[in-house]
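Quick note: the sequence shown uses numbering that gives the first Met the number 0, first residue 0, plus one each step.
None of these hints come from the bench; they were simulated from the model. Honestly, I wouldn't trust all of these hints.
Unchecked claim - The list that follows gives simulated cross-link-like pairs (lysine-lysine, PhoX-like), each with its CA atoms no further than 25 Å apart: (1) 119 / 46; (2) 41 / 119; (3) 22 / 85; (4) 22 / 201; (5) 201 / 85.
As the list claims (entries may be wrong) - If you anchor each label on the Cβ, the simulated ranges turn out as follows: (6) 263 / 18: 48 to 58 Å; (7) 252 / 191: 18 to 28 Å; (8) 88 / 270: 14 to 24 Å; (9) 169 / 237: 37 to 47 Å; (10) 83 / 20: 39 to 49 Å; (11) 89 / 266: 12 to 22 Å.
Quick reminder that beta carbons are idealized off the backbone N, C-alpha and C, glycines included.
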Amino acid sequence: MIPQSIPSPSGNTFLTLGPIEIKWYAICIVIGIIAAWFIADKRYRAKGGDSDKFTTIAFWAVIFGIIGGRLYHVITDWQLYFAPGKNPWAAFDIRAGGLGIWGAIALGACGAWIGARQEKVRLLPAGDALAPGLLIGQAIGRLGNWFNQELYGRPTDLPWGLEIDAAHMPPGMAPGTTFHPTFLYELLWCLVGAGVLVWLEKRFHLVAGQCFAAYIMVYTAGRLWIETLRIDPANTILGLRLNVWTAIGVFLLGLFLLIYLRRRYQNDPAVDSINLPGVTAATQPQPEAAGMDAATDTDPATDTDPAADRDATTGPDATTGPDTTTGEATVTNTDTEVTAARNETQK
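Using the sequences plus the hints, can you model the full thing?
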């Protein structure tokens, strides 16, 4: 039987611990962050990066991203917190929702830059490693809007219309009205977009930063048309929602970066390296004694022919058994020259 609509969850609380309620929205955000982190870390290591260094970058990006997302939401929807009769302290409560992706990306990038500077790695290839994982994380995070029954689109009679209960129904809507599930549209768009980014990397030679620029363009293109479906209250400029203008502006920024990075770095392969000059992905263990270096390294300038070595050890003057003379052998600290001083046998 084909369903005629998508039901909404009966509640948005995941767990209650005394006076503390943990919302499903927060759980979705946390799972999305973990998924993005895991995918990005794997891609970062595949590019030659160090996992510990990426952890530093991701930590700063997540902290700044959450702050930026909340700031953008509070600034653009200030009336929810600072209008007469509202509670300004609620601006600090993110458990029930309210994160703007635009602010999260902007300040998250600043946090990533701080982490990259701290670990002495290049930011552009690190951003490329992060890009597909970001879309996966955003897809998971959108499920939080489903649990909150928020940010849905205009009414529709399509078989995948979203059911909304009376408490979250817009005023004036008839009971039983279903709406465009914009959370689902964006979720699917992000999943497909992540696949597109991976395909672009394999199909074309992208210079450092171009994959992240493509991420910006892919996400904003989808967000642009999804915003035109939404009916939740929003600030408008010239009749268009603020997020529509933001999506247009950020898309153009991504396009500019895509072109600029190609022209700037197409003949500079060094920029694709995650690590800065003189910095390795992981510290290699060094021998503690010079003798260990002598045992493992070979100087190409003084290396002898292997066949000559075999002749020297099997010729008539070679000693093949135990040495019957007494004395001592002195071995130089090089790996190719050995001098022996023997005392004359006492009779």
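Checked hints:
| no. | hint | in the structure |
| --- | --- | --- |
| 1 | 119 / 46 | 16 Å, holds |
| 2 | 41 / 119 | 19 Å, holds |
| 3 | 22 / 85 | 21 Å, holds |
| 4 | 22 / 201 | 39 Å, violated |
| 5 | 201 / 85 | 51 Å, violated |
| 6 | 263 / 18: 48 to 58 Å | 54 Å, holds |
| 7 | 252 / 191: 18 to 28 Å | 22 Å, holds |
| 8 | 88 / 270: 14 to 24 Å | 46 Å, violated |
| 9 | 169 / 237: 37 to 47 Å | 24 Å, violated |
| 10 | 83 / 20: 39 to 49 Å | 27 Å, violated |
| 11 | 89 / 266: 12 to 22 Å | 53 Å, violated |
In terms of the numbered hints stated before, the structure departs from hints 4, 5, 8, 9, 10 and 11, listed from lowest to highest.
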